[in-house]
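Visitor: Protein chains in written order, with the working numbering: chain A, 11 to 114; chain B, 19 to 191; chain C, 26 to 642.
These are computed hints drawn from the structure, not numbers from a lab. Certain hints may be false.
In the BS3-like style, the derived pairs of lysine-lysine whose C-alpha atoms are separated by at most 30 angstroms in a straight line are [as the list claims (entries may be wrong)]:
{"id": "1", "chain 1": "A", "residue 1": "Lys102", "chain 2": "B", "residue 2": "Lys45"}
{"id": "2", "chain 1": "A", "residue 1": "Lys102", "chain 2": "B", "residue 2": "Lys183"}
{"id": "3", "chain 1": "B", "residue 1": "Lys182", "chain 2": "A", "residue 2": "Lys102"}
Only part of the chain C face toward chain B is listed, based on derived beta-carbon distances under 7 angstroms [what the hints assert, rightly or not]:
{"id": "4", "residue": "Gly621"}
{"id": "5", "residue": "Ala622"}
{"id": "6", "residue": "Ala629"}
So the derived label-pair ranges between C-beta atoms look like this [as the list claims (entries may be wrong)]:
{"id": "7", "chain 1": "A", "residue 1": "Arg101", "chain 2": "C", "residue 2": "Ile594", "range": "44 to 54 angstroms"}
{"id": "8", "chain 1": "B", "residue 1": "Val168", "chain 2": "A", "residue 2": "Arg101", "range": "23 to 33 angstroms"}
{"id": "9", "chain 1": "C", "residue 1": "Gly593", "chain 2": "A", "residue 2": "Arg101", "range": "39 to 49 angstroms"}
{"id": "10", "chain 1": "A", "residue 1": "Met112", "chain 2": "C", "residue 2": "Ala605", "range": "22 to 32 angstroms"}
{"id": "11", "chain 1": "B", "residue 1": "Asn42", "chain 2": "A", "residue 2": "Met112", "range": "26 to 36 angstroms"}
{"id": "12", "chain 1": "B", "residue 1": "Val131", "chain 2": "C", "residue 2": "Gly593", "range": "49 to 59 angstroms"}
Glycine included, every Cβ here is placed at the ideal spot set by N, Cα and C.
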Amino acid sequence: MSSVPLSAYLVLALILFCIGLYGALTKRNIVVVLICIELMLNAVNINLVAFAKYGAHPGITGQVFALFTIAVAAAEAAVGLAVLIALYRNRKTVHIDEIDSMKH
Amino acid sequence: MSGEYLAFLTLALAAIIGGVLMLNLSKVVHMVTALVFTFISIAGLYVLLSAEFVAAVQVLIYSGAITIIMLFGIMLTRHREEDKEKTTTGGFWRKTATAIAVFAFGAAVYLGVYQLDFGEKAEHLHEKNTEQIGVALYSYYIIPFEITAVILLVALVGAIILAKKDDREAQKK
Amino acid sequence: MMEMAWIVPLFPLLSFFILLLAGKKMKEASAYVGMLATFVSFLAACAVLVDRIGASTYKAEQVWLTAGRAKWTVGFEVTALNAWMLVVVSLVSFLVHMYAKGYMRGDERFSVFYAYLGLFTFAMLGLVLSPNLLQTYMFWELVGLGSFLLIGFYFYKEEAKAAAKKAFIMTRVGDVGFFIGMILLFSQVGSFEYEDIFKAVQDGTLSPALATLTAVLIFIGAVGKSGQFPLHTWLPDAMAGPTPVSALIHAATMVAAGVYLVAALFPLFEASAVAMRTVAVVGGFTAIFAASIALVQTDIKRVLAYSTVSQLGYMMLALGSGSDVAAIFHLTTHAFFKALLFLAAGSVIHAVGTQDIEKMGGLWRKMPLTAAMFLVGALAISGVPFLSGFFSKDEILVAAWTYGYGGLFWIAVAASFFTAFYMFRLFFLVFGGKERHDVKDVHESPAVMMLPMLVLAVLAVVSGYIHTPWFGTFLGDWLTDGGYAHEATPVWIMIVAAIVSMLGIFLAWLMYGKRSLARDWLSSRVPFMYSMLWNKYYIDEFYAWTVGCAVNAISRLCYYADRFVIEGIASLIAAAVNTAASFGARVQNGQVQTYGAVAFIGLALLVVILAFTGGYL
Chain A
11 MSSVPLSAYL VLALILFCIG LYGALTKRNI VVVLICIELM LNAVNINLVA
61 FAKYGAHPGI TGQVFALFTI AVAAAEAAVG LAVLIALYRN RKTVHIDEID
111 SMKH
Chain B
19 MSGEYLAFLT LALAAIIGGV LMLNLSKVVH MVTALVFTFI SIAGLYVLLS
69 AEFVAAVQVL IYSGAITIIM LFGIMLTRHR EEDKEKTTTG GFWRKTATAI
119 AVFAFGAAVY LGVYQLDFGE KAEHLHEKNT EQIGVALYSY YIIPFEITAV
169 ILLVALVGAI ILAKKDDREA QKK
Chain C
26 MMEMAWIVPL FPLLSFFILL LAGKKMKEAS AYVGMLATFV SFLAACAVLV
76 DRIGASTYKA EQVWLTAGRA KWTVGFEVTA LNAWMLVVVS LVSFLVHMYA
126 KGYMRGDERF SVFYAYLGLF TFAMLGLVLS PNLLQTYMFW ELVGLGSFLL
176 IGFYFYKEEA KAAAKKAFIM TRVGDVGFFI GMILLFSQVG SFEYEDIFKA
226 VQDGTLSPAL ATLTAVLIFI GAVGKSGQFP LHTWLPDAMA GPTPVSALIH
276 AATMVAAGVY LVAALFPLFE ASAVAMRTVA VVGGFTAIFA ASIALVQTDI
326 KRVLAYSTVS QLGYMMLALG SGSDVAAIFH LTTHAFFKAL LFLAAGSVIH
376 AVGTQDIEKM GGLWRKMPLT AAMFLVGALA ISGVPFLSGF FSKDEILVAA
426 WTYGYGGLFW IAVAASFFTA FYMFRLFFLV FGGKERHDVK DVHESPAVMM
476 LPMLVLAVLA VVSGYIHTPW FGTFLGDWLT DGGYAHEATP VWIMIVAAIV
526 SMLGIFLAWL MYGKRSLARD WLSSRVPFMY SMLWNKYYID EFYAWTVGCA
576 VNAISRLCYY ADRFVIEGIA SLIAAAVNTA ASFGARVQNG QVQTYGAVAF
626 IGLALLVVIL AFTGGYL
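The following block holds chain A by itself, in its conformation from the complex (with noise of 0.2 angstroms):
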């Protein structure tokens, strides 16, 4: 058997992850860390897709799991970018940096 091992998916997920979480922390523009956050939510779908297959119980729950993942991520990014456009229309900014009123 040469099937792709479990640890396969799972490290490609933790890369995903990784990258995501890395661009979410250090991006400046607000739309872009918005994005990498998706990101890191779907290596999340990967992980619960592949301990559908190969974990300890496997069966259909893992890619139930992943179906309301994706509609959850769906709702936070709609609500997400309108906070956005709300956000730029008070600030005129789409920059992460200036927006630091909760300094104190």
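Chains B and C: place on chain A using the hints.
Guide: What follows is chains B and C alone, placed relative to chain A:
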């Protein structure tokens, strides 16, 4: 070197390259395009994992709806002069520390997962995948399903309210 | 009563506390508290004295500190010397308390003055009762404190502040010698107790060389406290304090503490001929040195101050000549007539408002009683026959001669001539001649001031008779517990002393009374000598150039070290903390990504630790 292995390698590489490209491109729209690339590769991976329905949903929702939403966000918040994405200025230390932390985190988790093997395998996922999902969804997971519907409704209403122009502002204009 | 001798110092201490607490309300009534306390002390002291007659020394002590095998005790002992000193000190203190009621009337800090007097009296009585060097040292310092407080009583006057500091610091210099000597004795003998020290001297545990060293060191302490040369300059300046203070502290009691110390440690001094010689030489030199300065001074209290220094020199000379009896005798008579002189001078100052004798004159008409008192005191100090000073000075001269100090004997005689001269110069300038002052209403002092003077005048006359070769050497027998050697006194010494005193009085009368000799018949011929005397041999200036400058330089060095080195280090630490803080504060910049990054770094750290510790926490 089976076909499955080859397919996995290709798709995985595509996903990672998409992610890395996304980080390193300068224009936001290009970044979104790289992201789409990643999403579609992930959909392919789902097919490899016998999750056809999830793959379809991934393509529909992620590379469809969410990408469009991101593009909308970019379009509506663009300054004329500034289209480029600049990395954080003056945050050299933060960037370095974050990079090191991410790398360390990744290494630690890698140590945990690189030999993980439960020895089990689901055989029947690919047979009538959609039907299986439907059955599970409407029997065991009906409540999360309904709640998800409520979440979506709430998100919809919330997004509209957040993004709405103020009445006073509208009157001024 | 001897067992209860510890209550003698207790009453003045009580008066001190009462006046501290309730003095402000009591105001002028505080005088009664002070007077009552010292009177009761005096009665108790008399009772102790009476009890001691025929009995042997009583000592009581209690351990208060142990370190390893060494034990230090506090207590009191009643020797013949102690009992006598108790009576003298408490009597003079009581009389001064009474006098001050009139002198300090109207002063705002009346009760504070009496409180300080009580503190001082307590310390002096305690010093006298101490059975060991450590306790003596403690009371010694306390007496110095009392003196400081009282000299600086008029603290709003610059000169009073300076004088108080000078007195304290100068006596401190002497105290260093005392302390070193004390420690040396302890290291050799193993105890501070007088009786242990005397036993060690007798046994030979204390080598003669060491006995010399420690005796000289302890004598340095006495030099400071009793104002001997070279630590004498504080005493004339201490006249900036109120006159009752000068009478009590700087005539009768505190300055006598030095003499008392040497007398109490007399067996130690006797063991070393070098120490005795040192004491005698210092004493004799001081006697004539101070007397010479007093010849030309114009401040009434300063003349009396230099006179005190000179008379203390006599007492030291007596001690150095092997006769502690003569020294204590002179201490007693001096306490009485010097206190009398100071109180009379205070009366004059109170009436005329100035201390400059050039601005006084002809006061005997306006203040006959005070003049008479002053005359009695002047006669006593000059050694006019049949008054107390004559007998006590004679004892000293005899002791000096029989011990073998030929040179010092004639120096003492010369000083006696000076003494008579300057005292009567003072008398004639203040009370005789024409009135040179411009005060309209000069009158006698009130009775409360006259009564103590009267008592002291009587004592100044009769106290000589406690120790005479003709009527019985009571004091000598008393002090040596019956072992006094009744040697035949060379009569010629008595005659020489009497003639010299008369000559001095006669010369003063010629120059200042009858005015047949011009005042400057001598001083115009030796102007250099005159200016040296007038400027007190420039010793104050010399000290200012040498010791003053050296100490200033050292303190400046320390100041700079403190400001730059120590403060520098402190500010360095503060700056370092500041910098570290400002680095840390950069994390709190309000940006979400920073916060998220910090949180994630923490998580990463935890995960890494988890991974490396085998996955178990």
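Visitor: Can you list which hints this structure breaks, lowest number first?
Guide: 4
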